[in-house]
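A.B. asks: Each chain, letter by letter, is given below.
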Amino acid sequence: MKKPELLVTPSSVDDIERLSEAGADAFLVGEEHFGLRLAGEFKREDVKESIKIAHAKNKKVYVAMNALYHNDRVEDLADYIAFLQLVEADAIVFGDPAVLMTVKEVAPNMKLHWNTETTATNWYTCNYWGRKGAKRAVLAREINLDAVLETKEHAEVEIEVQIHGMTSMFQSKRMLIGNYYRYQGKNLKIERHGKEEALYLYDPERDNRYPIFEDVNGTHIMSPNDICMIDELDELLDAEIDSVKIEGILKSPDYNEKVVSLYRKAIDVYTENPDEYFNIKDNLYAEIEAIQPKNRKLDTGFFFKETVY
Amino acid sequence: MAIENISTVKDGKRVIVKKPELLAPAGNLEKLKIAVRYGADAVYIGGQEFGLRSNADNFSIEEMREGVEFARQYGAKIYVTTNIYAHNENMDGLEEYLQAIEDAGVTGIIVADPLIIETCKRVAPRLEVHLSTQQSVTNWKAVQFWKEEGLDRVVLARETSHEEIKQIKEHVDVEIESFIHGAMCISYSGRCVLSNHMTARDSNRGGCCQSCRWDYDLMKQTDDANYPDIPMFSEQDAPFAMSPKDLNLILSIPKMIDIGIDCLKIEGRMKSIHYVATVVSVYRKVIDAYCEDPDHFEVKKEWIDELDKCANRDTAPAFYEGTPGYQEQMYGNHSKKTNYVFAGLVLDYDTQTGIATIQQRNHFKPGDKIEFFGPDIQGFSQTAGTIWDDSGNEIDAARHPLQIVKMKVDQQVFPYNMMRKELKWQ
Ligand code: SF4
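From first to last, the protein sequence lines stand for chains A and B.
With the UniProt record's numbering, the residue at position 27 of the first sequence is 27, and numbering never jumps.
With the UniProt record's numbering, the residue at position 332 of the second sequence is 332, and numbering never jumps.
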């Protein structure tokens with residue numbers, strides 16, 4: 001059985017070493033000027049350094065360029081892509097077709113992963129972006145396990161699926177936290193309310209807490225629970241999903257390191273001895289549960305949930 | 001690339017030669033006909049499948065055909081929205097559906113998902129394909145991509161400004177459509193799954209339950225599990241909400257025409273015929289007046305007031321005129337009281353007696369302040385006089401929905417003119 005790539009989002013260059021040791025195969029990094037909702041801010045030097053460390057360990061580094069660009073930022077794309085080519089990034093993650101067009105112009109051999117987060121909902125569309133040049137599609141979190149498996153069956157591109165952590169639910173271009181403060185009459189100077197402020201929206205009806213933060217791309221709202229599929233990996237691994245992702249945003253390096261090592265174990269055990277996986281999976285789950293931060297429950301996202309419309 | 005010539009000089013006076021298409025929504029045949037009669041150049045409708053707004057009234061193929069035939073008499077076009085992001089399970093029946101739409105004589109479809117774009121090009125090539133705002137296209141290079149993919153028109157993200165749209169028009173030669181009026185998402189379209197998470201309803205397949213407009217408590221988390229989290233509001237503050245004011249670009253229409261935007265779009269397939277008629281007729285007047293004499297044009301106060309008569313939320317120009325601040329959101333009470341209600345639809349008018357036949361749409365009675373408007377009259381107001389039922393008996397009020405009544409009116413009216421009643425709030 002083929003092992004999937006274990007992909008994680010580090011929060012700093014220092015994490016690359018630690019998470020590699022813990023068993024990660026690949027990293028997604030980037031800066032908010034080009035990418036969305038990153039676990040850490042990696043300026044060019046950091047990207048370069050990360051790639052150096054990772055490549056020495058035979059690991060891959062992908063760079064996020066999946067923001068929605070307005071005209072003013074389109075001008076910056078070519079230079080950044082040329083830089084990523086120079087430092088030998090392993091792939092660029094894009095959502096906006098402006099990136100795809102620019103890659104064709106300046107770095108035609110650069111690998112592309114398609115990730116808009118919410119719109120990769122059927123296999124045909126994954127293959128469409130494949131025909132346009134993407135090597136991989138990152139599936140929307142809002143489809144269920146059967147749909148994931150069916151998509152993998154029909155896919156002509158690699159398929160990446162998030163199996164752990166927080167997911168994004170919402171992006172507005174407006175500064176919604178700042179606007180609320182100004183409406184209240186406080187905080188009259190314009191400033192962004194970033195991830196470090198640990199703000200969340202409380203929904204009393206569902207007793208849910210949705211993390212919220214602002215950056216140059218606007219306001220982001222995140223899911224109230226963390227996906228945790230560590231005890232449900234068998235079907236995904238049987239289907240030979242190409243890459244499974246642990247989202248590290250808004251988590252400590254210690255937490256991410258531990259989680260990566262547990263998933264590493266789960267994947268290795270299952271691919272070598274499936275029966276043994278079924279013996280240990282509840283313990284693996286319990287180990288994650290034990291380190292969950294305040295206010296973060298675990299669930300299985302949409303893998304076993306139906307949506308209606 | 002320069003923006004093509006928008007105006008020319010005729011008899012010593014500048015006139016606009018490139019008039020944008022005025023595109024209106026319609027949730028059913030009645031609304032479609034009203035939109036066309038009141039001046040829409042094109043109308044977009046939803047079919048029974050593959051469109052967002054799963055709870056709006058939607059058109060059967062037969063109704064589409066009837067709509068197309070009606071619109072054709074006025075030189076108007078019909079587009080069908082098929083703008084869901086399909087899941088695997090939604091793929092069945094797509095080909096037959098697109099062929100049926102094409103057969104019905106529809107001009108084009110409005111699409112977000114490449115699955116539907118490519119299927120349409122393959123099985124229903126006579127249909128124009130317009131890229132939906134659900135794709136959130138925000139820059140010229142993305143527009144260029146979709147043009148090269150063979151799309152006939154791109155509907156831009158509502159987050160684009162005047163300056164940005166101008167640059168897009170300068171860079172790419174493809175039809176651009178932009179929203180001018182109506183409700184909107186506070187997120188980038190297609191990038192919100194709040195409903196999915198909160199109520200298991202898929203917003204990108206039309207199931208959105210507007211979770212963004214609910215009230216929330218903005219809290220700050222403390223690191224220590226033993227300390228409670230901190231509320232970021234005080235007792236007297238309204239709760240955190242993300243309810244945007246509705247879009248209203250009446251004042252920006254001249255600028256939009258000047259940069260050559262090809263189509264100006266009104267939102268609202270769920271809105272009433274009164275709403276559609278009011279909004280379409282006002283924008284019709286604005287566009288026509290500006291195009292006829294751009295150098296002496298002014299937005300009339302009566303047009304602005306007229307738009308206000310069908311608004312149940314406050315309005316603002318949003319991103320077209322810069323980045324919207326807190327004044328363009330609503331906290332606490334999200335709706336506003338309307339001062340007018342749609343009271344009746346004119347069916348007939350007797351020039352001899354000056355008596356109109358009216359279909360009741362809301363309660364009215366003698367003494368009420370009412371006003372009439374329509375595409376072929378100057379709006380006027382009067383006080384309602386004696387009302388008779390259809391057998392000629394005097395009645396004290398028109399109380400029954402769709403009841404046919406007669407009443408004397410001060411000026412000539414025509415079928416499909418509308419009557420509103422002014423509401424008096426204590
Ligand atoms: S919840 Fe609000 S922002 Fe999200 S899709 Fe619905 S209306 Fe749009």
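Quick caveat, the hints were computed from the structure, so don't treat them as lab data.
Careful: at least some of the hints might be erroneous.
Pair ranges (Cβ atoms, derived) [as the list claims (entries may be wrong)]: (1) A/Asp79 <-> B/Val341: 43 to 49 Å; (2) B/Gln48 <-> A/Asp146: 23 to 29 Å; (3) A/Asp79 <-> B/Thr8: 49 to 55 Å; (4) B/Glu302 <-> A/His154: 53 to 59 Å; (5) A/Val216 <-> B/Thr383: 56 to 62 Å; (6) A/Gly194 <-> B/Lys336: 33 to 39 Å; (7) A/Asp146 <-> B/Gln210: 53 to 59 Å; (8) B/Asp217 <-> A/Lys135: 42 to 48 Å.
For glycine and all other residues, C-beta sits at the position ideal for the given N, C-alpha and C.
A.B. asks: Each hint needs a verdict: does it hold in this structure or not?
C.D. replies: Status of the hints after comparison with the structure:
A hinted range of 43 to 49 Å for the beta carbons of A/Asp79 and B/Val341 is inconsistent with their spacing of about 58 Å. A hinted range of 23 to 29 Å holds for the C-beta pair B/Gln48 and A/Asp146, which are about 25 Å apart. Separation of A/Asp79 from B/Thr8 is about 42 Å and departs from the stated range, judged on CB atoms against 49 to 55 Å. Hint check: B/Glu302 to A/His154, Cβ distance near 58 Å, so the stated range 53 to 59 Å holds.
A C-beta distance of roughly 57 Å is found between A/Val216 and B/Thr383, which places it inside the suggested range of 56 to 62 Å. In this structure the supplied range 33 to 39 Å holds for A/Gly194 paired with B/Lys336, their Cβ-Cβ distance being about 34 Å. Our hint of 53 to 59 Å for A/Asp146 and B/Gln210 is violated, since their Cβ atoms are close to 29 Å apart. Checked against the given bound of 42 to 48 Å, the beta carbons of B/Asp217 and A/Lys135, roughly 43 Å apart, stay inside it.
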